[in-house]
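Protein chains: 2
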Amino acid sequence: MAQSVLPRSVQKLIDEFARLPGIGPKSASRLTFYLLRATDNQALDLSAALHELKERTQLCSVCFNITEDDPCPICDDDARDAGLLCVVEEPLDVLAIERSRAFNGRYHVLHGAISPVEGIGPEDLRLAELLQRVAAGSFREIIMATNPTLEGESTALYLQRRLTDHKVRLTRLARGLSVGGDLEYTDEITLGRAFEGRQDV
Amino acid sequence: MAQSVLPRSVQKLIDEFARLPGIGPKSASRLTFYLLRATDNQALDLSAALHELKERTQLCSVCFNITEDDPCPICDDDARDAGLLCVVEEPLDVLAIERSRAFNGRYHVLHGAISPVEGIGPEDLRLAELLQRVAAGSFREIIMATNPTLEGESTALYLQRRLTDHKVRLTRLARGLSVGGDLEYTDEITLGRAFEGRQDV
Numbered sequence: 006m007a008q009s010v011l012p013r014s015v016q017k018l019i020d021e022f023a024r025l026p027g028i029g030p031k032s033a034s035r036l037t038f039y040l041l042r043a044t045d046n047q048a049l050d051l052s053a054a055l056h057e058l059k060e061r062t063q064l065c066s067v068c069f070n071i072t073e074d075d076p077c078p079i080c081d082d083d084a085r086d087a088g089l090l091c092v093v094e095e096p097l098d099v100l101a102i103e104r105s106r107a108f109n110g111r112y113h114v115l116h117g118a119i120s121p122v123e124g125i126g127p128e129d130l131r132l133a134e135l136l137q138r139v140a141a142g143s144f145r146e147i148i149m150a151t152n153p154t155l156e157g158e159s160t161a162l163y164l165q166r167r168l169t170d171h172k173v174r175l176t177r178l179a180r181g182l183s184v185g186g187d188l189e190y191t192d193e194i195t196l197g198r199a200f201e202g203r204q205d206v
Numbered sequence: 006m007a008q009s010v011l012p013r014s015v016q017k018l019i020d021e022f023a024r025l026p027g028i029g030p031k032s033a034s035r036l037t038f039y040l041l042r043a044t045d046n047q048a049l050d051l052s053a054a055l056h057e058l059k060e061r062t063q064l065c066s067v068c069f070n071i072t073e074d075d076p077c078p079i080c081d082d083d084a085r086d087a088g089l090l091c092v093v094e095e096p097l098d099v100l101a102i103e104r105s106r107a108f109n110g111r112y113h114v115l116h117g118a119i120s121p122v123e124g125i126g127p128e129d130l131r132l133a134e135l136l137q138r139v140a141a142g143s144f145r146e147i148i149m150a151t152n153p154t155l156e157g158e159s160t161a162l163y164l165q166r167r168l169t170d171h172k173v174r175l176t177r178l179a180r181g182l183s184v185g186g187d188l189e190y191t192d193e194i195t196l197g198r199a200f201e202g203r204q205d206v
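Protein chains in written order, with our numbering: chain A, 6 to 206; chain B, 6 to 206.
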């Protein structure tokens with residue numbers, strides 16, 4: 006048997022790598038044997054980084070983004086517009102938006118989207134906390150930057166209904182052609198949205 | 006800046022993942038944020054497995070395969086043919102051959118192949134140890150199972166020259182069509198080898 010040939014600790018690491026998304030058994034073997042071969046302390050460095058990830062990070066008690074300090078640097082930054090709130094599904098979305106440099110307000114991370122299929126309801130997300138933040142009343146605009154998917158749209162719609170009584174402007178990110186994309190290969194729904202949202206030049 | 010938004014421990018893990026072969030910056034982010042979301046101890050399990058990999062494994066002092074015990078279970082298995090030696094480049098090759106169940110002898114892991122381009126010479130491999138094992142005289146056949154690449158062929162040729170004085174049968178794995186493969190898509194060199202090695206039915 007191949008299993009009995011592999012030392013237990015090697016098989017264990019292969020199994021752990023294979024549990025990660027997008028890494029199959031073959032890649033897991035390759036990564037493990039690569040680390041066995043690596044002459045420096047790469048395996049131990051990775052081990053320490055994983056350990057510190059769980060040790061040092063927490064959720065910001067204001068926006069629920071991942072952070073080492075509470076409140077997080079964004080919530081704590083007075084130079085950012087405290088009247089603008091961008092609602093996203095995941096911490097990775099914050100990262101993407103920050104990379105774009107298109108936004109200089111505050112965030113709220115829901116940690117998911119409403120999905121009846123997967124059994125995720127409003128109570129499973131950081132929605133109550135969001136409604137509390139909005140009720141506190143310092144925002145003039147809330148940008149609902151959930152994903153342009155069925156789940157993201159449902160979440161935005163739910164939010165819209167819950168926030169309709171508040172005197173706050175509700176917006177959604179524009180849908181349209183990708184910059185650098187090809188009209189010929191753009192899907193019909195996106196193309197439809199691009200027509201709806203057409204702008205004067 | 007996007008960098009300043011990410012907590013240091015998160016950025017550190019992304020960087021460590023991105024150092025692994027076949028994992029780019031985007032996959033590294035995805036893996037890191039997946040582990041941040043994972044509710045159980047998956048990050049700590051992976052951390053521990055990486056730590057144990059380096060702690061518990063060593064090279065077998067006989068065949069230089071990776072092992073927790075020295076000598077390794079294969080070298081220590083009296084049920085295996087001690088007269089047959091299979092020479093491979095890497096520990097992963099042992100695994101692949103064991104999976105095939107086509108071989109029941111002993112192994113010798115060179116830990117690489119001769120490659121003038123990469124500056125890898127015979128002295129960088131476990132070749133001296135192999136020559137010592139062969140000189141000890143208990144093998145009747147040595148199967149040179151280095152890869153069918155320029156480097157693997159060079160290594161086999163080098164071995165062949167160094168072992169020509171020993172009374173031992175030297176063999177090389179057959180080259181030919183892949184089982185389940187398509188003749189139309191087989192490269193010309195492999196097809197040529199398949200003709201040369203054709204067998205009576």
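Don't read these hints as lab results, they were simulated from the structure. Warning: the hint list may mix true and false statements.
It does not matter which identical chain is meant; a pair holds if it fits inside one copy or across any two.
No more than 30 angstroms apart at the CA atoms, straight line, and that leaves these computed lysine-lysine pairs for DSBU-like [claimed, not checked]:
#1 K59 with K172
#2 K17 with K172
#3 K31 with K172
#4 K31 with K59
#5 K17 with K59
Here's how the hints hold up against the structure:
| no. | hint | in the structure |
| --- | --- | --- |
| 1 | K59 with K172 | neither (39 angstroms within a copy, 59 angstroms between copies) |
| 2 | K17 with K172 | neither (55 angstroms within a copy, 42 angstroms between copies) |
| 3 | K31 with K172 | neither (55 angstroms within a copy, 39 angstroms between copies) |
| 4 | K31 with K59 | both (27 angstroms within a copy, 20 angstroms between copies) |
| 5 | K17 with K59 | both (20 angstroms within a copy, 12 angstroms between copies) |
This entry does not satisfy hints 1, 2 and 3, going by the numbered hints stated previously.
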